[in-house]
Amino acid sequence: MGVLDSKVPQGPLADKWVNHKNKINLVNPANKRNIDIIVVGTGLAGGSAAATLAELGYNVKTFCYQDSPRRAHSIAAQGGINAAKNYQGDGDSDYRLFYDTVKGGDYRARESNVYRLAEVSGNIIDQCVAQGVPFAREYGGLLDNRSFGGVLVSRTFYAKGQTGQQLLLGCYSAMNRQINRGKIKSYTRHEMLDVVLVDGKARGIIARDLVTGEIERHSAHAVVIASGGYGNVFYLSTNAMGSNVTAAWKVHKKGAFFANPCFTQIHPTCIPVSGDHQSKLTLMSESLRNDGRIWVPKKLEDAKAIREGRLKPTQLAEEDRDYYLERRYPAFGNLVPRDVASRAAKERCDAGFGVNKTGEAVYLDFSAAFMRYGREAVSTQKIENASEEQIRELGKAVVEAKYGNLFQMYEKIVDENPYETPMKIYPAVHYTMGGLWVDYNLQTTVPGLYAAGEANFSDHGANRLGASALMQGLADGYFVLPYTMGDYLANDIRTGRIPTDSPEFDEAERKIREQLERFVNTKGTKSVDYFHKRLGKVMWDKVGMSRNATGLKEAISEIKALREEFWKDVRVPGIVDGMNPELEKAGRVADFLELGELFAKDALHREESCGGHFREEFQTEEGEALRDDENFMYVAAWEYTGEPADAVLHKEDLVYENIEVKTRSYK
Amino acid sequence: MNLTLKIWRQKDATSKGAIQTYQLEGVEPDMSFLEMLDVLNQELIDKGEEPVVFDHDCREGICGTCSLQINGEPHGPDRGVTTCQLHMRMFKDGDTITIEPFRAKAFPVIKDLVVDRSSFERIQQAGGYVSVNTSGNTQDANSIPIAKDKADAAFYAATCIGCGACVAACKNASAMLFTSAKVSQMALLPQGEVEADRRVLAMVEQMDKEGFGNCTNTGACEIECPKGISLENIARMNREYLRASVK
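Taken in sequence, the protein lines are chains F and V.
Residue 1 is where the first sequence starts when you use full-length UniProt numbering, and the numbers rise one by one after that.
Residue 1 is where the second sequence starts when you use full-length UniProt numbering, and the numbers rise one by one after that.
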């Protein structure tokens, strides 16, 4: 089986990528026409990879379960995209972006990959502007920036609260140009159900047409998995309903190692859960923390009165409020990284200071920002003797221009006006830093099989900084894979078309068909959602924001038992040979039920707290995460051997030559 | 609250569909419309029936997957939201709600409430892009200043989510609002100007080929659009089209 060789090029950090590009093999344009590439997933990573590879001349097939590539969940990213452009002249550089990302990831990411990410970040912005992505601009016509959590510079480019949408539509337009040229064949409403290996190399996939139910064989010289993250293992998350781990999990079962599955990001600013019917959680952009202040009441009796509806937050005097992030982390205040902000919210709510009926919410308050912006407006508009009320109204207008769509979204969901009363927020599962293990070339442990974007593990360590997911997806797709895949494909110029009538394809298709038929023939008593919700509850309670050995051991055995129950008692109505969303969900939940166990196993083995992984046994007296660099400064890459419980651990040691490893402090 | 739901059921693209009536109890005002349908589907599965199939994904109003004609209106009675953001507090106990797929010749029904919107894909593929390679050899992003009002106008046009509500709202099933949003975004930016003529001609030609109707300035599309895409975009596209055709 595979061996962990990260294939990081020699030489100084800043020269590695350039030198590597100069030395790797190229495929000449005439030969590219004879090479096929499959890209699974059409979000920022998959879409950008597909567009660029097709421009280079390869024949690309893309697969997405949605009815259009434009609907991939990258579209929901709100806040922005980082790039070390230093347009603000505030001291930004490639090195600083690299440094912030490694530090933000709590020193669990690979140095060389992160540096390359920072290095190409500026180019992403150039590229997107050239495509016609309408980023926010200043009156002088130049691009505007804002600041995000965990950093001290303004390097985030944005398009109101719809940055992901605009970037994805840019990427989609680049794909459309290639579809029009016939270089990309786009398979929508298709789901990849397995990868096919021939002589140990990834040579194709089995996909199901979600409209007709037909099982299809597609061959290629290389396969890219860009299917996103696995946050839906928690049932409730900010992911789209269809987001799933199936593509990544199926390739894991065929030999690709799965790295750091327990590194999950719980985003601090989501709309709290309202009831049992809840199907998903909605994020409020982190950019709101630029202007919103997070607080809970100082006194338990006030919190109780608020929960019972006897007291309104606006009635509480300034000195009775606990701005706990500003109190605990004066240097970064409300802009601490996401893991720190989330845990601090949980800490206050667990201590009884929560402010909604479930006790799981804190306030995000804009009243100070209204006054600050209002006073600025009074000054620029030369209004004399403005009243408090006038100032507040002027300030509200400024805030509306910045975050209007987010405020509107909040009001529609919660039915409260955030201009009049503070927003209520609570952390929710948002992003998974873990994923398929890849080397410097983004190749998994299976030759010819690549992973990009959230689906791989490479750049964010144990915690991702805000506005870095969009950056990574596009970096991988536009600027990394098109080079590194050429190096591999240079050996395939004489291979010719890969046939789909081989025993390997037969076998893969037979297994898929068997599984699908088993689902509809089980005729049990409980729906797929019933199992998914139960899995989510185990994950959230025992493998969520804070974890301990006892809970993790319980989770492992509970998930295993639940999985057995699922296979015996699931009820999937409808047919295999036609459109059947329940059948689609069954396949996805079956995979989550396996991944969940590996996830808990990984969390149990990592006896330290770092980034989004918080083990209660390993914390400082002040309740901060306690890392163990001596024993755990490595990537945990798991090899599948039959059951999640039997997964074999491989370690990639992390070496930091260009950055001093420190205790992460935002105080 | 208790509701009577009249829902379009259709086995597949070739079968004939019909409205079926369901009673649903215990719906909470804080539920989204789709969560209400989840509850119905759970009941149907428990009874051994096939659940109602509908399109949905992000459930936060941005992916454009969800559709539904609710009591005759695309995305239902609320304004500025998609069906997934529509909440049951917009309805009353005892209400009867009719739920149908988006209706248009260019949006054939696939199953129940799911329609095929690939005609939108083909319109975008015909020319909804700037012909620039993603090689990374582009000029610095700040080398082309763009006036803020133009950039903002391009942005507002670009916020179209491609859901198809404009088509479903239009008595002619016209896709002018959808097509013009992309044409406008590109026409307003210097990056898109170079190919503006070719783009508008190709996209309009494809739109007609797909079987969408013409625009008669009724304005229903703008009112029903969950993202508030403005009719001005249609005017701009007409101008662009006229200019390109007489060249």
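Keep in mind that a hint or two might mislead.
[To be verified] Some chain F residues close to chain V (C-beta under 8 angstroms, calculated; not the full set):
| id | residue |
| --- | --- |
| 1 | S48 |
| 2 | E55 |
| 3 | G57 |
| 4 | L143 |
| 5 | Q162 |
| 6 | N180 |
| 7 | G182 |
| 8 | G242 |
| 9 | G275 |
| 10 | K280 |
| 11 | W567 |
No lab work stands behind these hints, which were simulated from the structure alone.
Each residue gets a CB set at the ideal place from its N, CA and C atoms; glycine is no exception.
Exercise for the section: Would you check whether L143 (chain F) satisfies its interface hint, that is, whether its CB is within less than 8 angstroms of any CB in chain V? Expected result: Constraint on L143 (chain F) satisfied, holds at 6 angstroms.
Handout entry: Agreement of hint G242 (chain F) with chain V interface, Cβ distance less than 8 angstroms
Key = 5 angstroms, holds
Handout entry: G275 (chain F) as chain V interface residue, shortest Cβ-Cβ below 8 angstroms
Key = Since the shortest Cβ distance to chain V is 6 angstroms, the answer is holds.
Exercise for the section: Grab the minimum C-beta distance from N180 (chain F) to chain V and call the hint holds if it beats 8 angstroms, violated otherwise. Expected result: 5 angstroms, holds
Problem - Hint check: 8 angstroms Cβ-Cβ cutoff, K280 (chain F) to chain V - result: Result: holds, 5 angstroms to nearest chain V Cβ.
Exercise for the section: Answer holds if the nearest beta-carbon of chain V is closer than 8 angstroms to that of Q162 (chain F); otherwise answer violated. Expected result: 6 angstroms, holds
Practice task
Tell me if S48 (chain F) is really an interface residue toward chain V, meaning its C-beta lies closer than 8 angstroms to one of theirs.
Solution key: 7 angstroms, holds
Practice task
Grab the minimum C-beta distance from G57 (chain F) to chain V and call the hint holds if it beats 8 angstroms, violated otherwise.
Solution key: Cβ of G57 (chain F) sits 11 angstroms from chain V, so the hint is violated.
Handout entry: Interface hint for W567 (chain F), Cβ within 8 angstroms of any Cβ on chain V
Key = Hint violated; W567 (chain F) Cβ to chain V Cβ min 18 angstroms, cut 8 angstroms.
Handout entry: Status of the G182 (chain F) interface restraint (C-beta, 8 angstroms, chain V)
Key = Cβ of G182 (chain F) sits 10 angstroms from chain V, so the hint is violated.
Practice task
Report holds or violated for the interface hint on E55 (chain F), using the least CB-CB distance to chain V and a cut-off of 8 angstroms.
Solution key: 5 angstroms, holds
Of the hints listed earlier, those the structure fails to meet are numbers 3, 7 and 11, in rising order.
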